[in-house]
Structures are given as structure tokens and as C-alpha cells.
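Starting from the known structure of chain A, arrange chains B, C and D on it as the hints suggest.
Protein chains: 4
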Amino acid sequence: MPKIRAAVAGANGYAGMTAVGLLAVHPHVELVQLTSRSLAGKPYQEVFPLLGRLGRFTEEVEPRGLDVIFSCLPHAAGAARTADWFRAGARVIDMSADYRLKDSAQYPRWYGQEHPAPELLNQAVLGLPELHADQIADAQLVAVPGCYSTASILALAPAVASGQVASDVVVDAKSGVSGAGKSLKPSSHAGFVLENLSPYAVGAHRHAPEIAQQLGMPVCFVPHLLPVRRGLLATCYVQTDADARALLEDAYAESPVVRVLPDGVTPELARVQTTDAAELAVFTDDATGTTIVICALDNLGKGAAGQAVQNANLALGLAETAGLRLHGVFV
Amino acid sequence: MPKIRAAVAGANGYAGMTAVGLLAVHPHVELVQLTSRSLAGKPYQEVFPLLGRLGRFTEEVEPRGLDVIFSCLPHAAGAARTADWFRAGARVIDMSADYRLKDSAQYPRWYGQEHPAPELLNQAVLGLPELHADQIADAQLVAVPGCYSTASILALAPAVASGQVASDVVVDAKSGVSGAGKSLKPSSHAGFVLENLSPYAVGAHRHAPEIAQQLGMPVCFVPHLLPVRRGLLATCYVQTDADARALLEDAYAESPVVRVLPDGVTPELARVQTTDAAELAVFTDDATGTTIVICALDNLGKGAAGQAVQNANLALGLAETAGLRLHGVFV
Amino acid sequence: MPKIRAAVAGANGYAGMTAVGLLAVHPHVELVQLTSRSLAGKPYQEVFPLLGRLGRFTEEVEPRGLDVIFSCLPHAAGAARTADWFRAGARVIDMSADYRLKDSAQYPRWYGQEHPAPELLNQAVLGLPELHADQIADAQLVAVPGCYSTASILALAPAVASGQVASDVVVDAKSGVSGAGKSLKPSSHAGFVLENLSPYAVGAHRHAPEIAQQLGMPVCFVPHLLPVRRGLLATCYVQTDADARALLEDAYAESPVVRVLPDGVTPELARVQTTDAAELAVFTDDATGTTIVICALDNLGKGAAGQAVQNANLALGLAETAGLRLHGVFV
Amino acid sequence: MPKIRAAVAGANGYAGMTAVGLLAVHPHVELVQLTSRSLAGKPYQEVFPLLGRLGRFTEEVEPRGLDVIFSCLPHAAGAARTADWFRAGARVIDMSADYRLKDSAQYPRWYGQEHPAPELLNQAVLGLPELHADQIADAQLVAVPGCYSTASILALAPAVASGQVASDVVVDAKSGVSGAGKSLKPSSHAGFVLENLSPYAVGAHRHAPEIAQQLGMPVCFVPHLLPVRRGLLATCYVQTDADARALLEDAYAESPVVRVLPDGVTPELARVQTTDAAELAVFTDDATGTTIVICALDNLGKGAAGQAVQNANLALGLAETAGLRLHGVFV
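Here the protein sequences come in this chain order: A, B, C and D. No gaps in the numbering here: position 156 of the first sequence is 156 in my numbering, and each next residue is one more. No gaps in the numbering here: position 260 of the second sequence is 260 in my numbering, and each next residue is one more. No gaps in the numbering here: position 273 of the third sequence is 273 in my numbering, and each next residue is one more. No gaps in the numbering here: position 295 of the fourth sequence is 295 in my numbering, and each next residue is one more.
Check each hint, because a few of them may be wrong.
For identical chains, the list gives no copy identity; a pair is met inside one copy or between any two copies.
[What the hints assert, rightly or not] Listed below are the simulated SDA-like cross-link pairs for lysine to any residue, each with C-alpha atoms no more than 20 Å apart in a straight line: (1) Lys185 with Asn12; (2) Lys42 with Pro186; (3) Lys182 with Arg206; (4) Lys182 with Ala40; (5) Lys42 with Asp263; (6) Lys185 with Gly264; (7) Lys102 with Ala287; (8) Lys42 with Ser167; (9) Lys182 with Ala319; (10) Lys182 with Gln164; (11) Lys102 with Pro262; (12) Lys182 with Glu119; (13) Lys42 with Arg53; (14) Lys42 with Ala251; (15) Lys185 with Val265; (16) Lys102 with Ala40; (17) Lys42 with Gln106; (18) Lys185 with Ser38; (19) Lys185 with Thr266; (20) Lys182 with Gly55; (21) Lys3 with Pro63; (22) Lys182 with Glu62; (23) Lys102 with His132; (24) Lys3 with Ala180; (25) Lys102 with Arg53.
I should point out that these hints are in silico values taken from the structure, not numbers from a laboratory.
With the rest of the complex left out, here is chain A (with noise of 0.2 Å):
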């Protein structure tokens, strides 16, 4: 079989850099292009100098010939190139937020400015494996979902689609640095992070509208910032009369990504952190009986970079979890 011919488009972000990572050494893929607007020239060697690949980075994507373009683009510029891409034949992984929030409407209130691309929003999937498998096969668009929203959502959807969910979601949600990307603000300084955990965007989160869009009911979202690398949970409380356990068990017992924890085992950010695998457990509270889920993942794992490679395979035919990373370190 002829290897798939990949090109990540902004590869010089956390999530770009995690993509080519995985995308190096995914058995199927052959990685052809890298572009950066700020590395432009520069030999890929000196930005990744352990992956011994020959080449320069490019300043824009030349999709003939692509099957695949992982875009991770900052928002409104992958759109704008995305015509584009499809022209040439190339399926495109967006990770960036542009194709998330279905009704272009939105888009100025989260993002600043007018979509550039409204007519593409139809043809893109929700890049959830494990909700949208069947749209994901053989799509052309796929718009991979944030961080946060792919943990929420998976915490949450099962219980919510079982129509037994009250109103008054909470999500409180904690989140690795690496999270707010590499680019260089006050909040990301090492001596404003260490030692610290500060709430942000509380109630106000770009990632609160794509969760309540594929859930069909609002949430209360509050992030927060941890003192880690990488590595994201999401604590979730649900008033409902459902069994969350066992429908969350139903819902990923074909899941080779996502895992439902046994009883009274405790999630931890740590034993997901630099995999692309998901953990989940529940829990009911003593006192309420609100049933809490709460879900682990690597929010540039199955959060960004693993779920786009996860997507891909499944829109380019290949085994699902080729090239992931299912399980993590020990210590």
C-alpha cells in the first residue's frame, strides 16, 4: 500500500509539533510538507532535531498531491485556505476552531470576526471517533474538537442523549499550560504558573459553545489553570436519574481510545499525559447524590494532535489507532 501523503500546515504550535511527532512515525503516512509562517527557510532539523527528517519548512501548504492536510492554523487563517486545499484533492484535519460552531453566527462573538469560509461549515464533521464514526469515514472536512469540548463531551454525551440529564451541567475543568499554546503572554510565564491555579475566562470560555452544541442543552464551563506541561480533567456534575456508569460503558465498550475506569478507581491527568488514549470515571456524591464524571485526557493527545491523527485514519480507511499512542509512562 502506498504510504498517505501528509502535510501539517502551522507546525510550528504545540499541537503542529505533536502532530508531526506522531505523524513521523505512523506506519501508514508519509510526512511531505511542514509550514510556518515564523520558521519559513529554516531546516526542519533544527526545530526537531531528534526526527532526522531532510527538508526546509515552507511558508504555505502546496496541496498537490496531498491526500491529507493537518491544519493548525490559528483561527480564521485555515479557513481561508481550505477552498483551496479541497481543489487540490486533499482532505483536511482542521484543528483549529473554525469549523466547530455550525452556525457561522457565533463565530464573531468567540473569534473576532467574520468567518471566512461560511459555506464549508456544512460539509465539515465533528471530529468525535467515538459519537460521529460513521460521518467520519471518508469525509473530506473534519473539524477536530477542543480540548476541552472532547472531554466534556465524552463525560457528558452518553448521559445527556439518554434524555434523563436536569438542566444545571456544571464542567470545572483543569487544564496544563500547554494548553494555552506557546505563543508568549503574562499568564504563561513559568513564574506566574508555578505554585499557582488560576480560573479563567470563568463562565465565558470559547469551548462552552461547542459543548453545548453537541450536547443540545447549555453548560456552566469554568477552566482553570494547573501548574503542568500537558494534561487536562474535566469534573463534571450531573443532577439525573440515570445510570452514568453503566451508560457510559455501553457507550465506549467498542472504544479502543476511550476507557471507562472500574469502580473506585481514581482518574489521574498523569496517566494519560503524552497519549492519545481518554480515562473516565464516575462517581455519586453521598450527600446530593449528583453523579459526577469525570474525565482525563491529554489536551494534545486525544485533545488536539491524537484525536486528528485518530480522525484521519478513519477518513483515509486505516486502522483507527494506527499511530497513536494508547498507553502512557508509569512514573
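Same frame as chain A, but now just chains B, C and D:
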């Protein structure tokens, strides 16, 4: 004015050591005895090299002549000594859980044995000065609330007291590792804690009934272990029509220790680290209208030793903030 | 080709667990036994939930039918079993300190007892493939060097071997907390480790004689405990007229595992974390002309389990890097 | 006694903020002006919410009526204003590098431009009170040494002064991220700093010539960036026949700020964090006889703002330790 003569019982744990640190430089206190089973006989100087104090740890408090005993003994151990200490004329500021739950029938469930001194429970005053200053003044026995309880109650009590809080209150709390004490356990090993976040005692933590008792309603309480030394942040979710900000500002307007942050200012664990103050912030969720109240404090400061000293100040007629650290470092 | 049948003895510690993780996905190895005193009888699944392996921990290795035993037992415990394992026909890759020091008279000083099997010391080959590949090929007993020793020897051996190094070699080493093992001790408590750096065993560490034995000269060795989980960096100071860079590049030109960084590229502990590779960098001090060689590696990878697997590969005639992780993550 | 009127120029950086924190509670100082280009016009209250101070940041110091100016301006910026400040009658405690190197010819190499006020270099006194208390008393211009320089000189000066130190002195230093300042750079991004240790400016750091100037001999100096907020530890290696412990104990016997630890007590960075004190420990290497002197201090305390206040106290005739924090927290 002669100095208050004080002892710290159980001066080898984190809370005890922090109490020693505060009392050693308290302007109105003379620290005359430190006890510790494990350190008995050792010179103070070996354990607290920077304090420059003469003397040695003893095994038991000698209560005669003491004005106040700060008890940091393990639960049940302190309660077994309280009556003796009273007879000798000392006030007791108890930092264990022994005198927090008014109903002695609850004690076995949470602490695995019968309460050693149930007859004293009625004399104990809950040591939350922002709520019970009148009772604390001249109190003989003060039960300093738990770190999580302090944060949760400070955040929730004003709204709950207004009678406008529906049920389904959620407290999602995060604490540094010193909250788990100095004893050695796998979950405090740095190889577990670093680059990790782990929920524990989910829906079944000892501080939940303390919070419920004070608020008069159950809450869903979930704690998480952070990779930081000190500090705690509780994110509280409430369905209410009340103006929570106004209620909080009103409740703590006179407090020198609890501060409601201005609208838009985000609480940060790091800002209260190594202080005896607490910060509160109020937000409303865009999507669901949920009220979010966040409290940050140092689990060993306002969450333990700092609050103990604040209580002692009130009980002994000193200035409420004598010896407290009310602002932290900026980096 | 039939798979190599392997056991890990002492699979509950950090090095053992890491060996299990590597061997579980090694293309030519079948992992057939895991032993642990403390875990005996427990299903593998409870300890390694993501590996999907059936079976239970046993107390002792059953050596019959095994090709290789990776011994991660505490010092002296493994040496007492080696002869039995040999008789059953298994090779032994020993990750304890038992077979590192050639002179059994040194053993009591560093390990507090007589060597349990001094007659085997002559059969042991030092498991540093970059220096002793010929001896390791087909070796029956390989003594994997300590993590600090590996880093120090990789950094210093080429220059020392050139005969141009004066005395007064200094190795200032820094290691993550997993280097101190999984057992509980005050210096591994996260309340001690976080936001701290602490030198220990200053000028008197067990790895110093290993380094001296290999180099043929004593070195001044000082280790420091870092607030990181994994990874080790050794900064080595040498007075020499030799061109250390040329010597290092020459020594490791053929190595797939040890990499000399280009001039001006700074080594980083994070880049080698969770890998089995090592990085070396060379600098000259402006003011004094001192040669500075820095080695970074993962104490559990190239410093323990990764090097063990590399040795086993050579001893068993497999590709040297089979099953090794040679590039890390980028964030 | 009327209070000393003080200003902090450049009060937005880490050193400046720490100086503000100390001076705000200094018993003999009234802090009357804070300047910052970037914060000019903002109320103090926004930046230092816990200090409770009225007023706003200004762009430039108004020197009339000031007794002392603590200058934390970037290098060259402060030197350009010093003469004006002198004319207005203020003393200057300079925390930049401008007045540290006596030979202005060295300035361009390390700071990339000509010295703006070489004529003032002769008036500057090196602000290391343990070595130069006599000169600092009543000094008009004090050059506070760098954090690394302070630690290295405190550790090495007594032995070097004894005339018994051979050449080949090595200083291997490790600092928390606040040492690199508050400005945004890739190497201060938490995604780089956490779980990492990185050497930098190897053998070519700006503090090396400061150390050499004071000691009268060059040293090999290599700094490393630690994943901690604050604190610095310098491990110094010296070949000497002198009794380094006796020399150190003698040198600092009278110092209220620098403490030589008893034999066998290990220095720890955490113990001096957020203090203005320094700890020294002495060891002898078993194998080589090398003398190892380790200094731990807080880079923003004794390494910057704390030392600045200590100098100001001496220059203004106050008690040397007024306003200093000499013991830290225990957790």
C-alpha cells in the same frame, strides 16, 4: 501587658510548624512549650534552625500557667486531653477535627471511632471569625474548621443565609499537597504529585459534613490534589437569584482578613500563598446564569494556623490580626 | 523467529515498571512473568491498567524456559538468586548495583553488607553499550550502570581515555525524584520536593566509585534533587588540552542512542524525558578555559530500563534499538 | 524619628515589586513614589491589591525631597539618571548591573553599549554588606551585586582571601525562573520551564566578571534554570588546603543575615525562599578532597531586593536588618 503564654501541641506536623512560625514572631505571645511524640527530647533548634529558640520538645503539654494551647494533635488524641487542659485554666484552640461536628453520632463514620469527649462538644465554638466573632470572644474551646470547610463556607454562607439558594450546590476544590499532611503516603510522593492532578475522596470527604452543618444544607464536594506545596482554591456553583456579590461584599466589609476582589479580577492561589488572608471572587455564567463564587486561601494559613491565631487573638482580647500575614509576595 | 521469553523481577519499583512498559511493546519479546513481593497475587491489570495483560504477579521468578531476566530487585536480593537463574539457562540483566563494582571489598562500604555472590563478579559485563558493545554481545550477566554513572561516564570517558585530562574532575549532577525510587521517605514527599533544590550525599554518593572504576580516576561527584519527575543532567568540569568535542563526536558517531548536540545547542532535561536516548553538549569556559561537558538523559530510560533493554538486545542478538524510544515529545 | 522617604524606580519588574513589598512594611521607611514606564498613570492598588496604598505610578522619579531611590531600571537606563538624582540630594541603591564592574571598558562586552556614566563608577560601593559594611555606611551610591554573584562571593571570598585557593574554581549555579525577569521570553514560558532543567550562557554569563572582580581571580561559572519560582543555589568547587568551614564561620560570625549551617546539615533552596537571608554549607569530597561550599539564597531576597534594603539600612544609619525577612516558612 504581660505576654500571653502559649503552647503548641503536635508541633511536628505542617499545621503545627506553621503555628510555631506565626507564634514565634507574634507581638503579644510567648511560646513556652512545643510538644511532639516523635521529636520529644530534641532541641527546638534542630527542627526550627532559623527561629533561634532554646529548649526541647516535650512529649506532653504541661498546662499549668498556660493561657492558651494550640492543639494540632491527631483527631481523638487532642480531645482526650482537653478536659485536663481546661482544669489547669488554659483555653484551647483545637486544629483537629474533634470539635467541629456538633453531632457526636457522626464522628465514628468519619473518624473511625467513638468521640473521646462528647460532653465537650457543646462548649466548642466554631472558629470562623467572619461568622462567629461574638461567640469566639472569650471562648474557652475553639474548633478551627478544616481548610476546605473554611473556603467553602466563606464562599457560600452569605448567599445561603439569604434564603435564596436552591439545592444542588457544587464545590469543586483543589489543594496543594501540604493539605494531606506531612506523613508519608504514596499519594504525597513527588513522583505521584508532580505533573499530575488527582481527584480523591470524590463525593465522600470528611469536610463535606462540616460545610453542610454550617450552611444547613448538603453540598456536593469534590477535592483534587494539586502539584503545589501550599494553597487551596474552591470553585463553588450555586443556582440563585440573589446578588451574590452584594451579599459577599456586605458580609466581609469589615473583615481585615477576607477580601472580595473587584469585578473582573481573577483569584489566584499564588497571591494568598504563605498568607493568612482569603480572597473571594464572584462571576455569573454566560450560558446558564449559574453563580460562581471562588475562594482562594492558604490551607496552612487561613485554612489552619493563621485562622487558629486569629481565633486566639479574639478569644484573648487581642487585635484580631496581631501576628497575621495579610499580604504575600508578588512573585 | 520465536519471541524472546522475558521476566521482570521486582516489577513494582520505578525501574521495574518502566522496564515492563518497554518490554510490553517490544517487537521481539514476550513478557511472561512479573514478580513483586508486595504485589504477589495481584492481577497485572490492577497495576498496569492500560497494558491489557492477563496474569498475576508472583513472588519469585520461575526461571525455567526463560531467555532473559531483568532484575530490578533491591541490592543483594538479586545477587542471591543469580546463580539459580543461570542454572536454569537464563541470561540476567541486572539493574541493581550488585555487579557494578568489580572489587567486592568495596561492597560493604556502600551497601552495608557483604556481597552475596562475589564469585559472579568476574562474569559480569558493565552494561554501557557505547563502551563495551563487544563484551555485551552474548553476555550471560550484564550489570547495568547507575543513572548518574551512565551520564558521567558518557560525558567523560572519551576525554579521559585520550590521556589528556588532569585530575580535579568535577561532576555536578541533578536528578528528578524518581531517581530516589518509589519507596516513601521524607525527601521524596512532594511537600519537600516542590519549589526546592537540595544537594544530598555531597561528596559521598554510591555512584562515585562506579564512575571512578570506569574512568580509572576519582571524580568529585555531587548530586542534587530536582523538583521534576524524571530526567537527569550532569554538568562535568574538566581541565584538558584535548578537543573534547572531537573526541565525543568520534566516540559516539555510530551510536543510535547517544547524540552529541551541534555547537551552540543547549541540552535540556525535558527533551530526553521518557526517552531511552542521551544528549551531550560541549562548551569551553570563557574565563578559565575549563572544558564543560553536559549530559542529559532520563534516569529511568537510558539511566535504567532503556539501557537494560539496549543491553538485552545486544546480548540476545537483536537490533540494538529494538523497542527503545529514541525521540521524546516536544512539549 | 521622621521616616526615610523612599522611591522605587522600575517598580514593575520582579526585583522592583519585591522591593515595594519590603519597603511597604519597613518600620522606618515611607514609600512615596513608584515609577514604571509601562504602568504610569495606573493606581498602585491595581498592581498591589493587598498593600492598600493610594497613589499612582509615575513615569519618572521626582527626586526632590527623597532620601533614597531604589533603582530597578534596566541597565543603562538607571545610570543615565543617577547624576540628576544625586543633585537633588538622594542616595541611590542601584539594583541594575550598571555600577558593578569597576572597569567601564568591560561594560560594552556584557551590556552591548558604552557605559552611560563612567565618571560615577568610582563613587559606587559594592553592596555586599558582609564584605564592605564600612564603605556602605553613609555611601551615596551602592551597586547591589547580582544574585549569582552574591551567592558565589559569599561562598568563596573567605577561602580565596586566605590565599590558599588554587585556580580552577568551579561554580555550578541553579536558579528559579524569576531570576530571568518578568519579561516574556521562550525560556520563561512554563511549557519550557516545567519538568525541565536547562543550562544557559554556559561559561559566558554576565555575573562571571562580577565574581572575578571581587575575588581577584577568574572562576568557571555555569548557571542552570530550575523549575521553581524563586531561589538560587550555588555549588562551588575549590581545591584548597585551608579549613574552609573555619574561614566561613569566622567571616560570618557576626552576620545577622548569612548563616553557616552546622556540619552535616544540608542546604535547601526552599528554606530560604521568600527570605532575605543566605545559608552556607561546607563539605569535603571523599574521593578527591575537593572542598565544596554551597550557598542558598532567594534571588529576589538576599539576591536583589532584600540585599538592597540591607544596604539602604546601613547607608542610612538604620539597624542592618530593619524590614528584612530572616526566617521563612516551614512548608
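Each hint tested on the structure:
1. Lys185 with Asn12: Both, since 17 Å and 16 Å are each at most 20 Å.
2. Lys42 with Pro186: between (28 Å within a copy, 18 Å between copies)
3. Lys182 with Arg206: For Lys182 and Arg206, the Cα distance is within 20 Å only inside one copy (18 Å; across copies 28 Å).
4. Lys182 with Ala40: within (17 Å within a copy, 29 Å between copies)
5. Lys42 with Asp263: between (51 Å within a copy, 17 Å between copies)
6. Lys185 with Gly264: between (39 Å within a copy, 18 Å between copies)
7. Lys102 with Ala287: The answer is between: 17 Å across copies meets 20 Å, while 39 Å in one copy does not.
8. Lys42 with Ser167: Close neither inside one copy (52 Å) nor across copies (42 Å); limit 20 Å.
9. Lys182 with Ala319: Neither. Shortest intra-copy (31 Å) and inter-copy (37 Å) distances fail the 20 Å Cα cut-off.
10. Lys182 with Gln164: neither (40 Å within a copy, 44 Å between copies)
11. Lys102 with Pro262: Intra 36 Å, inter 36 Å, cutoff 20 Å: neither.
12. Lys182 with Glu119: neither (31 Å within a copy, 44 Å between copies)
13. Lys42 with Arg53: Cα proximity of Lys42 and Arg53: one copy only (12 Å, versus 44 Å across).
14. Lys42 with Ala251: Classified as neither: same-chain Cα gap 45 Å, cross-chain 29 Å, threshold 20 Å.
15. Lys185 with Val265: This pair counts as between: shortest inter-copy Cα distance 17 Å, intra-copy 37 Å.
16. Lys102 with Ala40: neither (33 Å within a copy, 44 Å between copies)
17. Lys42 with Gln106: neither (38 Å within a copy, 35 Å between copies)
18. Lys185 with Ser38: both (17 Å within a copy, 15 Å between copies)
19. Lys185 with Thr266: between (33 Å within a copy, 16 Å between copies)
20. Lys182 with Gly55: neither (23 Å within a copy, 36 Å between copies)
21. Lys3 with Pro63: within (16 Å within a copy, 43 Å between copies)
22. Lys182 with Glu62: The answer is neither: 25 Å in one copy and 40 Å across copies each exceed 20 Å.
23. Lys102 with His132: Within one copy, since 15 Å is at most 20 Å while 53 Å is not.
24. Lys3 with Ala180: neither (33 Å within a copy, 45 Å between copies)
25. Lys102 with Arg53: neither (38 Å within a copy, 42 Å between copies)
Consistency note: the structure conflicts with the earlier hints numbered 8, 9, 10, 11, 12, 14, 16, 17, 20, 22, 24 and 25.
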